[in-house]
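Asks: For the record, the sequence lines run as chains A and B. When you line the first sequence up against the numbering used here, it's residues 44 to 227, in that order. When you line the second sequence up against the numbering used here, it's residues 8 to 181, in that order.
Please keep in mind that the hints were generated in silico from the structure rather than gathered at the bench. Note that the Cβ used here is the ideal one computed from N, Cα and C, for glycine as well. Be a bit skeptical, because a hint or two may be false.
[As the list claims (entries may be wrong)] Only part of the chain A face toward chain B is listed, based on derived beta-carbon distances under 10 angstroms: (1) Lys151; (2) Tyr173; (3) Ala212; (4) Ala216.
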Amino acid sequence: MNIWTIVLALILGVLFGFALNKAGLTRYTKIVNQFRLTDFTVLKFMMTALVVTALGLYPLRALGLITFPAVPETYILGNILGGLIFGVGMALAGFCPGTAVAGAGEGKWDYIVPGLLGFLTGGVIFGLTYTSFMPQIKKIANLGAVVIPDLWHVNPILAVIVFALIALALFYAIDRLGLHRKQK
Amino acid sequence: MNWLKKQISKELWSPYVAGILLGIVGLLTVVLAHQLLGASGGFENIAAYIGKAISPSNTYFNYIMPAGITYPVILLVGIFFGGMLGALSSGTFKFRTMDDEQWKTAYGKQLWKRWLLLFIGGIIVEFAAGIAGGCTSGLAISGGMLLAPAAFLFIAGMFASGIITALIVYGKKF
C-alpha cells in the first residue's frame, strides 16, 4: 500500500465511523430495537446508503468509467446460514464489527475490551476450522461473484431504479403506514 | 455556517441523512480506492497473527486471509477515530461502561454479565461473518450497493434470526 491509499482508507474509515455514530448505531438499544421492530433506524440507514451508492456506481459502470471491485461471492446456503448465525450474535450483543469499533472510539470500555477480543477470538476459531467445513459449504448453490442485473439479464440502470423504488416504498410503509410496532 | 455547526454537533442525525453520508462514502470507496467497505475482514487479518502462532501451516491464515496491516485494517483504525470524532462533535465522548439503560432492563446491571455476553456475541458474529463471506459492512452494505444476491440472502437470514433472538431475550416485553 502506498501512502495515498493509507490516507484515503483512514479518511473513508473516519467518515464511515462518523456516520455510524450520528445514526446512533453504536448503541445496543438502536440495534436490538430494530429486531424488536420498534425502531427502524438500522434498515433506513442501510437502505438509504445502498440506494445512494448503487445510483452512483451503476451509471459509472455503464459509462465504462469503473469496474466493480471484488463482488461478494454468492453461495446461497452459506450466505443464508452465515446471516442466520450472525443475527443471533447481533441481537444478543447489540453490535456488529463496524458499529463496535466506532463505539469503541466513543470511549465504551465494553466494546474496547470484550467486544474486540470476541471478534479476534471468533476470527481465530473460524480460520482454524475453515478447511474442515467451508470448502464444502461454498460449493453448494454457488453462483459466483455476480450481481443481480447480470444474473437475471435485466438492464442494470432499470434494476437500480426498481431497487430505489422498493426502498422508497419500504420507507413509506415504515413512516406513514406504521410498519413499526409500538414500544412497550 | 452556524446552522452547519449546529447540525454537525447534533448527537443524532436522521437515519436518512446519515445513510446518504454512508452512501457517498461507499461510492468514494469504489471510485477512489477501488475497494469495498468492511469490518470483519480486518479482524481476520489481525486474528491471523494469533492463528499462525497456534497453527503455522494453517491454510486459511497463510493463503486466504494472511496476517498483515491491510486496507481493511487501516479502515478499522479510521472507523475507530470516526466514532471518536462523532462523539467529540456532540460532546458525548467519555470513557465509560454499562451506558445503556435498556441493556439493564434486558439483562440486569452486572458488568461481568455484559462483558461475557459481548465477548460471546463478538465470537458468534465474527465466525458467522466468515461463513457468510462478510459482515453487515463487508457483505450487507458493500454487496448490497453492488446489488449482489449474497448481500440480500445474508440480510434476510440476519433479520429472521435477529427477530427470533430478540423475542426470546425479551419474552413478554418484546
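Asks: Hint by hint, note whether the structure agrees.
Replies: Quick rundown of the hints versus the structure:
Because the beta carbon of lysine 151 of chain A sits about 6 angstroms from the nearest beta carbon in chain B, less than 10 angstroms, this interface hint is met. Interface hint status for tyrosine 173 of chain A: upheld, as the beta-carbon distance to the closest one in chain B is roughly 4 angstroms, under 10 angstroms. Given hint, alanine 212 of chain A at the interface with chain B, is violated; its Cβ is 15 angstroms from that chain's nearest Cβ, farther than 10 angstroms. Taking 10 angstroms as the C-beta cut-off, the interface hint given for alanine 216 of chain A is violated, the closest approach to chain B being about 15 angstroms.
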